[in-house]
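Residue numbers (the working numbering), protein chains in the order written: chain A, 46 to 155; chain B, 194 to 310.
Keep in mind that the hints are not guaranteed to be accurate.
Straight-line distance between alpha carbons at most 27 Å, and here's what the computed DSS-like set of lysine-lysine pairs gives [as the list claims (entries may be wrong)]:
| id | chain 1 | residue 1 | chain 2 | residue 2 |
| --- | --- | --- | --- | --- |
| 1 | B | Lys202 | A | Lys87 |
| 2 | A | Lys142 | B | Lys207 |
| 3 | A | Lys113 | A | Lys101 |
| 4 | A | Lys87 | B | Lys264 |
| 5 | B | Lys264 | A | Lys142 |
| 6 | A | Lys87 | A | Lys142 |
| 7 | A | Lys116 | A | Lys101 |
| 8 | B | Lys207 | A | Lys87 |
| 9 | A | Lys87 | B | Lys250 |
| 10 | B | Lys207 | B | Lys264 |
It should be emphasised that the hints constitute simulated quantities derived from the structure, not laboratory data.
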Amino acid sequence: GESVGLHLPTLSVQEGDNSIINCAYSNSASDYFIWYKQESGKGPQFIIDIRSNMDKRQGQRVTVLLNKTVKHLSLQIAATQPGDSAVYFCAVVNDYKLSFGAGTTVTVRA
Amino acid sequence: NAGVTQTPKFQVLKTGQSMTLQCAQDMNHNSMYWYRQDPGMGLRLIYYSASEGTTDKGEVPNGYNVSRLNKREFSLRLESAAPSQTSVYFCASSEVSAGVPGANVLTFGAGSRLTVL
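Can you make the complete structure from the sequences, with help from the hints?
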């Protein structure tokens, strides 16, 4: 099966700085990757996704990088804001099944 | 557009009691899922329904049953609750049918917090 791990369970960031959240996966055949954001008391919400034939994808203030050689992906948040405080999950898709990492809790300091 | 609606939001049970968590989506999605979320363990799939009329076991199905009542509704039942089932439960849906390789972005409900004493 797929094993998905995050490098740091918590991340404290100064408001305005950039945040980088990392995720490692085990199955080299994984073909699709998704980042979710979960605010307190809510369900996870889709942020951005990337397919295995890409190595970078950008959204609004977010960038996902995929390194298939070392089976690693990262989520970069530019100019972190208080509203970015949340738990961030990476999800790895093999065929149709999603495997979630344990999550990184991001706290933004004013 | 409500998305995915779960009820109840909170529930306290005694060991051995039964209950059903309800889930409904209004996005005309084909697939629906039940996950549980425990501290430090991410989201784990309990059961899923690739399409109306089908259900399949996920990663942690023991102690649960599901019913895909129609395309909109997917319920999760605990027949005899145990303390190990204390968790936050999330229902999700996706447009793409499970079993079809490719994009599978899930839309989640707000969660149901269950405590079993």
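So, going through the hints one by one against the coordinates:
{"no.": "1", "hint": "B/Lys202 / A/Lys87", "result": "11 Å, holds"}
{"no.": "2", "hint": "A/Lys142 / B/Lys207", "result": "33 Å, violated"}
{"no.": "3", "hint": "A/Lys113 / A/Lys101", "result": "11 Å, holds"}
{"no.": "4", "hint": "A/Lys87 / B/Lys264", "result": "24 Å, holds"}
{"no.": "5", "hint": "B/Lys264 / A/Lys142", "result": "20 Å, holds"}
{"no.": "6", "hint": "A/Lys87 / A/Lys142", "result": "22 Å, holds"}
{"no.": "7", "hint": "A/Lys116 / A/Lys101", "result": "14 Å, holds"}
{"no.": "8", "hint": "B/Lys207 / A/Lys87", "result": "25 Å, holds"}
{"no.": "9", "hint": "A/Lys87 / B/Lys250", "result": "25 Å, holds"}
{"no.": "10", "hint": "B/Lys207 / B/Lys264", "result": "32 Å, violated"}
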